[in-house]
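Chains as they are written, first to last, in the working numbering: chain A, 1 to 197; chain B, 1 to 197.
No lab work stands behind these hints: they were computed from the structure. Accuracy of the hints is not assured; some may be wrong.
Claimed, not checked - Subject to a maximum C-alpha distance of 20 angstroms in a straight line, what follows is the list of computed PhoX-like cross-link-like pairs (lysine-lysine):
1) B:Lys-40 - B:Lys-3
2) A:Lys-153 - B:Lys-179
3) A:Lys-129 - B:Lys-179
4) A:Lys-67 - A:Lys-123
5) A:Lys-40 - A:Lys-3
6) A:Lys-3 - A:Lys-39
7) B:Lys-129 - A:Lys-179
8) B:Lys-3 - B:Lys-39
9) B:Lys-39 - A:Lys-175
10) B:Lys-175 - A:Lys-123
11) B:Lys-179 - A:Lys-175
12) A:Lys-134 - A:Lys-67
13) B:Lys-153 - A:Lys-179
14) B:Lys-134 - B:Lys-123
15) A:Lys-50 - A:Lys-40
16) A:Lys-153 - B:Lys-175
Number of protein chains: 2
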Amino acid sequence: MRKGELTRQRIVAAAAPIFNERGFAGCSMQDVLEATGLKKGGLYRHFASKEELAAEAFAFALNQVVKIRTGDLGHIPGSVEKLRYIVERFVETPSPLRGGCPLMNTAIDSDDGNSVLRELATKSIRDWKSRLEKIVADGMRADEIRRGTQPRKVANTVIATLEGALMISRLEGSKQALKDARATLEDFLDGLRAAGR
Amino acid sequence: MRKGELTRQRIVAAAAPIFNERGFAGCSMQDVLEATGLKKGGLYRHFASKEELAAEAFAFALNQVVKIRTGDLGHIPGSVEKLRYIVERFVETPSPLRGGCPLMNTAIDSDDGNSVLRELATKSIRDWKSRLEKIVADGMRADEIRRGTQPRKVANTVIATLEGALMISRLEGSKQALKDARATLEDFLDGLRAAGR
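Turn these sequences into a full structure, and let the hints guide you.
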């Protein structure tokens, strides 16, 4: 890897938790300069604008979180078990990044303004939903999940409940809301099983 | 009402949607000056700091939303029906304020910094949870809701699912996630009914 590319990655890694914690408007290029020890010219040689850096910082942050929170589903046998495992990982694995869930932060931060960040957040939700929908559809084909189940509804329910519970948990400084969400979702997911499974 | 008090309320009403839309860091006192047409001295005569104005703007915004979204529960007969009505109102009534749900915005915006706003958001969640928990507890006493139901778990589930679905819906520019959340919550709430109710 070339030295320029390394510096660029170091800037993104340093900027990610700052944007995640303070939001786009609350994070200045000066903050990033201080975190990296770079000079202004050095920073702008790599990133033409704060928008460009924020977009890469979000992608970096989200990638970290997805990697840690999704884990490896390959060894999980059934489709309901896969969905339960995703819920468990989300509830039990703290965000590796200061400032909480980058998807929620960016969704709320960008929903009235910054269109590049908004598109990235929308794509992340779409990807997450697709992964869940595929597990449900596979489960129906394998007769593990009841015919007639709506994959989209399952995906929306799981993501909404987890993200909303994370918001409450962060505000309360307690895992209770996440644990309650997990218990509710486990009942919900068990209710999807095909008869006899 | 005295003229000073009227001006103060006019400032709060004008500032509320700006803070709600742009967040604390993204809204400047200059923005509020422009929205109200006041001079700097006039604004600072009423509010010593941006923090003070933001706190009142949040309280104002939340009050508006709660009033419109909660509606009147007095005419709803049973406890499960009351909970279903709350879900329906949340899903069907758009926020009266630009920028979406002030509770979620303030929760995310303040969870790493502003302690006054954070406390207000935490108190709002606590109040909302208490209202739901009371309905569940009343329902158990009236034998409408199964004994052994955990009011706190019901409250966390309802709030988490609604708030998370609102986040997805705003990002997607579609009500689908809110409608899916409503369907899931209706099944969840019907599952709380005591046998024979």
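Here is what the structure says about each hint:
Straight-line distance between C-alpha atoms of Lys-40 (chain B) and Lys-3 (chain B) comes to about 18 angstroms, which keeps the hinted pair within the 20 angstroms bound. At most 20 angstroms may separate the alpha-carbon atoms for a hinted pair to count; Lys-153 (chain A) and Lys-179 (chain B) meet this at roughly 9 angstroms. Pair hint Lys-129 (chain A) plus Lys-179 (chain B) holds up; C-alpha atoms about 16 angstroms apart against a cutoff of 20 angstroms. For the given pair, Lys-67 (chain A) sits about 17 angstroms from Lys-123 (chain A) by alpha-carbon distance, which is consistent with the 20 angstroms threshold.
At most 20 angstroms may separate the alpha-carbon atoms for a hinted pair to count; Lys-40 (chain A) and Lys-3 (chain A) meet this at roughly 18 angstroms. Only pairs whose Cα atoms come within 20 angstroms are accepted, and Lys-3 (chain A) paired with Lys-39 (chain A) is accepted, the gap being roughly 16 angstroms. With a C-alpha separation of about 16 angstroms, the suggested pairing of Lys-129 (chain B) with Lys-179 (chain A) holds against the 20 angstroms cut-off. Between Lys-3 (chain B) and Lys-39 (chain B), the direct Cα distance comes to roughly 16 angstroms. Compliance with the 20 angstroms bound is thereby established for this hinted pair.
For the suggested pair Lys-39 (chain B) and Lys-175 (chain A), the alpha carbons sit about 46 angstroms apart, so the restraint of at most 20 angstroms is broken. Between the alpha carbons of Lys-175 (chain B) and Lys-123 (chain A) the distance comes to roughly 17 angstroms, so the proposed pair stays at or under 20 angstroms and holds. Our distance criterion of 20 angstroms between C-alpha atoms is broken by Lys-179 (chain B) and Lys-175 (chain A), whose separation comes to about 27 angstroms. Between Lys-134 (chain A) and Lys-67 (chain A), the direct Cα distance comes to roughly 18 angstroms. Compliance with the 20 angstroms bound is thereby established for this hinted pair.
Between the alpha carbons of Lys-153 (chain B) and Lys-179 (chain A) the distance comes to roughly 9 angstroms, so the proposed pair stays at or under 20 angstroms and holds. Between Lys-134 (chain B) and Lys-123 (chain B), the direct Cα distance comes to roughly 16 angstroms. Compliance with the 20 angstroms bound is thereby established for this hinted pair. For the suggested pair Lys-50 (chain A) and Lys-40 (chain A), the alpha carbons sit about 12 angstroms apart, so the restraint of at most 20 angstroms is met. Under the criterion of a C-alpha separation no larger than 20 angstroms, the hint pairing Lys-153 (chain A) with Lys-175 (chain B) is consistent with the structure, at around 12 angstroms.
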